[in-house]
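Listed below are the residues making up each chain.
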Amino acid sequence: MTEVVLSEGELAPPRSLRAVLRANPLLTAAAALGVVLVLVALLAPLIAPHPADAGSATHPLATFLPPSSHHLFGTDPVGRDLFSRVLYGARISLAVAAAVIGFSILVGLPLGVIAGALGGIADTVLMRITDIFLAFPALLLALALASVLTPSVTNATIAISITWWPWYARLARGQAASVAGRPFIAACKALGLSPTRTMLRHVLPNSLTPIIVQASADVGGVILTAAALSFLGLGAQDPTPEWGLMVNQGQAYFATQWWLVTFPGAAILISALAFNLLGDGLRDVLDPRRVVERR
Amino acid sequence: MTQFLARRVALGLLVVAGVVVLTFVIARVVPGDPASNWVGPHASAAQLTAARHTLGLDRPLPVQIWRYFRGVITGDWGLSIHTHQPVLSDLATRAPASLELVGAALLLALALGIPAGLAAARWRDNAPDVLVRLASVFGVSMPSFWFALILQLVFFQRLHLLPVSGDYDPSLNTTHPLAVHTHMPLIDALASGNWPVFKSSITHLILPAIVVGSYPGGVITRMVRASILDTLGEDHVRMVRALGFPERTVFARFALKPALNPVISVTALVFAYSLANTFLVEAIFDWGGLGSYAADAIQSLDTPAIIGVTLFIALIYVAANLLVDVLQAVFDPRIGLQ
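Heads up: the sequence lines are chains P and Y, in that order.
For the first sequence, position 96 (counting from the first letter as 1) is numbered 96 according to my numbering, and the numbering increases by one without interruption.
For the second sequence, position 98 (counting from the first letter as 1) is numbered 1098 according to my numbering, and the numbering increases by one without interruption.
Derived by calculation from the structure, the hints in this document are not laboratory data.
One or more of the hints may lead you astray.
[To be verified] Each pair of labels, with its calculated beta carbon distance range: (1) Y:Trp1066 <-> P:Ile212: 39 to 47 Å; (2) P:Pro51 <-> Y:Ala1127: 39 to 47 Å; (3) Y:Ala1127 <-> P:Ile212: 26 to 34 Å; (4) Y:Val1021 <-> P:Gly119: 22 to 30 Å.
No residue lacks a Cβ here, since even glycine has one placed at the ideal position from N, Cα and C.
Bound-form chain P, shown alone (with noise of 0.2 Å):
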């Protein structure tokens, strides 16, 4: 198999999504581990065995069974049925995600598209204030912020949004300045089309791909870093069922009631693996300058 990299002005010959799947199989398979996951969130009500038991239901006379039939995970040390607060989490952990990647999209799409088509001093601006952002690792300035705010799922969700923002900005503002730079704008301004129009119609959709791309990919990384806010006690409270929060009130038994611990890290790390194979994929696949031969 080789790669052909095409020259400017060619593009791939387009393909069928069946085809682009079976070419794919690690694509197809995140792709479908993230529809069950969207759908778990969705349906957790009604799929989940002991709905209440994602609340501050108690049972005493039922706290740390083992994973068993009727508990598939186990219990906790209030006796809840952790299967359900595991399906249950994954309707916290995707909205707290789409809140974050919205917000990012909302706010950095635009001031990047801005930046990149007009230049000059609010690009510099603009770009001299991601920077000051960038310079903290996501994951540090998130902590800090949520430090300082009431600890709780929507405090920890406006934390990471302002801390993930730039990286937006950053990507469109690339994105709109090489497409900025390419002739078919030069048409447009010599068409007389106004700058408003030419940037809204033509610089904007043009600028899209990789965006999309980040955020499929990032769905990984919101979750992980919510996660580890709710871990160290900055985010989700009890009774939420956030999975960060039920490995840390797990981690005072894990060494007799192991299910506690394991379950909901393991659905922390299938969620960011999920997310992850999915935005390589697509990157792999939506890069029009890529296509692979087969021999």
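Put chain Y on the given structure of chain P with help from the hints.
Here is chain Y on its own, set in the frame of chain P:
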């Protein structure tokens, strides 16, 4: 070249100033009152006023920013609320242990990541590539705090193979006392030829280093693979291939070296990320570095300490970026000309 470096340094200083302002803003959005944390819940109004004065909270905001800036430059980073010590001296005693841990983790990540990335590129789209790609995605997707607990469960609770807490066996302190120079037990033991402590430090380092090294390992592997595949497409490599050099030589002599340049920069970036990641790992392994200091500070709402750690790691990050730029300008003369 000189002009390029001067520009980079100026930009770095600008970022540092911005970082200082940003940490100040974060410290000031505290809903709680740092002074009441300082004196505890049963303090009188007079004690509270005195504490406000000590912490400088009774001054107007511009004065506070100015004093904060001056403090950061002159080494006065405020007092930690939970240790009642100057934050900067706390950081100085805690940083070496974290540097030792992160250093070991990065060495591990490079030692595994470079050969793995090479193998993946060499046998692209075949079994080794798929395996390596999967493993590297696992590395970057791993929640480190959970990984730490699982490794403890397996290697300590079940197999009794490796120790899980502290930096070396404290009972050795009586039989083989360690001369402290650097606060890095491994280095100190090596320097003074204290082999029992050295051996104990190594065994204590393995599990935390694997946990901290998992993310950088994944990132470095992907970077090596991608970068080698890029280089293989370049003209000089195609030329070497056309001349009939064996594939082995093509990789070792012509593809690897230019491909390592981006690996240097990504290593510097994951270095600072890993320092932040120790917040989640050190407390679990009872490792006395920056991470467990920060975790304690978070538990006790110790804002000066949290801001201090944040600022410290951000400064290391800026410095690492600058160093990468300088190194690349030295190795790659094209960069200075842009």
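To see whether the hints hold, each was checked on the structure:
1. Y:Trp1066 <-> P:Ile212: 39 to 47 Å: holds (45 Å)
2. P:Pro51 <-> Y:Ala1127: 39 to 47 Å: holds (44 Å)
3. Y:Ala1127 <-> P:Ile212: 26 to 34 Å: holds (31 Å)
4. Y:Val1021 <-> P:Gly119: 22 to 30 Å: holds (26 Å)
In the structure shown, no violation is registered for any of the earlier numbered hints.
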